[in-house]
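Let the hints inform the model, and build the full structure from the sequences given.
Heads up: the protein sequence lines correspond to chains A and B, in order. Following numbering that gives the first Met the number 0, the numbering of the first sequence begins with 0 at its first residue and continues without gaps. Following numbering that gives the first Met the number 0, the numbering of the second sequence begins with 0 at its first residue and continues without gaps.
Source of the hints: derived by calculation from the structure; they are not laboratory data. One or more hints might be untrue.
Said to hold, decoys possible - In silico contact screen, one side only, chain A against chain B (beta carbon under 8 Å); selected entries:
no.	residue
1	GLU13
2	THR15
3	THR55
4	TYR84
Quick caveat: nothing in here was measured; it's all calculated off a predicted structure. Idealized CB from N, CA, C, for every residue including glycine.
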Amino acid sequence: MQTYKKKSLQIVVEQTMVQPLIGVIDRAGAPGYTVVPVIAGRGHQGAWQSGEVSGTSSMAMVIVILDETLAGRLLDEAYALLKDYIAVFYLSDVEVMRSEHF
Amino acid sequence: MPDLVSIAISNILSPMVLFFALGFSAALARSDLAVPEAVAKALALYLMLAIGFKGGAALSEQGLTGELVKTLAAGAGLSFAIPFLAFTLLRLTTPLKIADAAAVAAHYGSISVVTFVAGSEFLNLIGMPFEGYMVAVMAIMETPAIVAGLWLARRGDQSRPAAGGTKTTGKALMREILLNASVVLLLGAFAIGWITGTEGLAAIAPFIVAPFQGVLCLFLLDMGLVAAQRWRSAKGLTAPLFLYGVYMPLISASLGLALAVLIGLGHGEATLLAILSASASYIAVPAAMRLALPEANPSIYLTLSLAVTFPFNLTIGIPLYFAAARIATGG
Numbered sequence: 000m001q002t003y004k005k006k007s008l009q010i011v012v013e014q015t016m017v018q019p020l021i022g023v024i025d026r027a028g029a030p031g032y033t034v035v036p037v038i039a040g041r042g043h044q045g046a047w048q049s050g051e052v053s054g055t056s057s058m059a060m061v062i063v064i065l066d067e068t069l070a071g072r073l074l075d076e077a078y079a080l081l082k083d084y085i086a087v088f089y090l091s092d093v094e095v096m097r098s099e100h101f
Numbered sequence: 000m001p002d003l004v005s006i007a008i009s010n011i012l013s014p015m016v017l018f019f020a021l022g023f024s025a026a027l028a029r030s031d032l033a034v035p036e037a038v039a040k041a042l043a044l045y046l047m048l049a050i051g052f053k054g055g056a057a058l059s060e061q062g063l064t065g066e067l068v069k070t071l072a073a074g075a076g077l078s079f080a081i082p083f084l085a086f087t088l089l090r091l092t093t094p095l096k097i098a099d100a101a102a103v104a105a106h107y108g109s110i111s112v113v114t115f116v117a118g119s120e121f122l123n124l125i126g127m128p129f130e131g132y133m134v135a136v137m138a139i140m141e142t143p144a145i146v147a148g149l150w151l152a153r154r155g156d157q158s159r160p161a162a163g164g165t166k167t168t169g170k171a172l173m174r175e176i177l178l179n180a181s182v183v184l185l186l187g188a189f190a191i192g193w194i195t196g197t198e199g200l201a202a203i204a205p206f207i208v209a210p211f212q213g214v215l216c217l218f219l220l221d222m223g224l225v226a227a228q229r230w231r232s233a234k235g236l237t238a239p240l241f242l243y244g245v246y247m248p249l250i251s252a253s254l255g256l257a258l259a260v261l262i263g264l265g266h267g268e269a270t271l272l273a274i275l276s277a278s279a280s281y282i283a284v285p286a287a288m289r290l291a292l293p294e295a296n297p298s299i300y301l302t303l304s305l306a307v308t309f310p311f312n313l314t315i316g317i318p319l320y321f322a323a324a325r326i327a328t329g330g
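Right under this line is the structure:
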């Protein structure tokens with residue numbers, strides 16, 4: 000089966016910054032994105048859990064699959080937006096079946 | 000009117016306070032009792048819709064008065080001014096950094112919808128009437144404190160960028176300040192209640208009047224769970240900070256009462272203005288602070304607001320402000 004190499008940029012970010020991040024993704028010309036809720040975790044600033052009434056401790060994961068050149072640029076722009084906020088960034092290699100979608 | 004001690008006891012033994020205590024104890028004992036996030040959000044929406052609508056419907060009967068305009072102005076003024084006092088006290092009595100102190104100050108200037116709801120239920124319980132427009136006063140008090148808190152953070156640390164930082168977060172912040180869910184729903188439901196009046200209220204009373212107290216109890220059960228979880232995971236809640244969470248609402252309530260007397264409010268309205276001044280936000284302001292002041296530690300402001308000040312106001316504060324308002328207004 001034919002597959003195509005792409006990059007997957009995954010950002011776990013606090014819920015309040017999801018919309019601003021999506022704005023950056025749209026403006027960078029990314030072909031699409033997926034937002035998934037995350038439940039709980041622990042990191043640099045201690046343990047956190049989604050679901051509190053204030054919503055402040057909720058987090059989400061934003062996944063963008065795209066070409067390598069665009070991935071580097073988007074990573075820089077996303078980092079510039081989120082450098083002061085709670086966020087985990089990582090970039091990984093993936094293979095997709097429908098290259099034209101990404 | 001029953002004496003104040005029995006009023007205080009009947010408040011503590013009311014279903015809403017007891018359900019809060021149940022949630023708090025269950026979480027402290029590490030029970031697996033939990034209210035799903037979507038349900039808690041729906042309950043909060045319901046409470047805001049119901050209280051907004053009932054306030055609007057009450058206003059349609061009473062009509063617009065000069066007292067309403069004066070009270071709105073007093074509420075907005077309190078919400079803007081309290082953070083300055085709150086910030087100064089925090090800087091004097093605790094080791095909090097500027098950003099943390101400014102964020103906490105914004106929370107104490109703004110209001111907690113559930114504390115207001117609990118306060119109005121308390122007044123209903125003891126048969127003390129109050130004007131429906133106090134809901135609009137609550138809505139208007141949500142946001143001036145956010146502006147004051149961000150200004151304090153900026154003034155205290157000139158090196159940090161203007162509130163909102165980048166253009167993108169600036170836009171998100173403006174949306175959060177002007178169109179946050181509680182302001183939109185409270186004012187929207189208030190307007191609908193006002194337009195449709197008592198007929199509208201009669202039409203949806205089975206939804207927003209009869210089940211109201213039961214829903215409030217379920218919501219307070221969740222608040223108890225959340226408050227105790229915050230309490231358990233609280234790091235850095237020092238004695239000066241804990242004390243601040245208790246004395247700051249007393250100071251704010253006194254300011255609210257003084258202003259209430261100055262503009263000639265009645266006993267019920269003065270009590271509610273004191274409750275609004277004393278309450279600390281835990282929904283609208285945390286979201287705005289995460290956007291605009293990311294360096295402020297959310298565990299400090301959420302723990303103070305949810306785990307110290309909210310339980311204090313719910314159990315002791317509300318009857319205390321009622322008693323103080325009685326003396327202040329001669330009610």
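Inset, instruction - Please write out, lowest number first, the hints stated earlier that are contradicted by the structure. - result: No numbers; nothing is violated.
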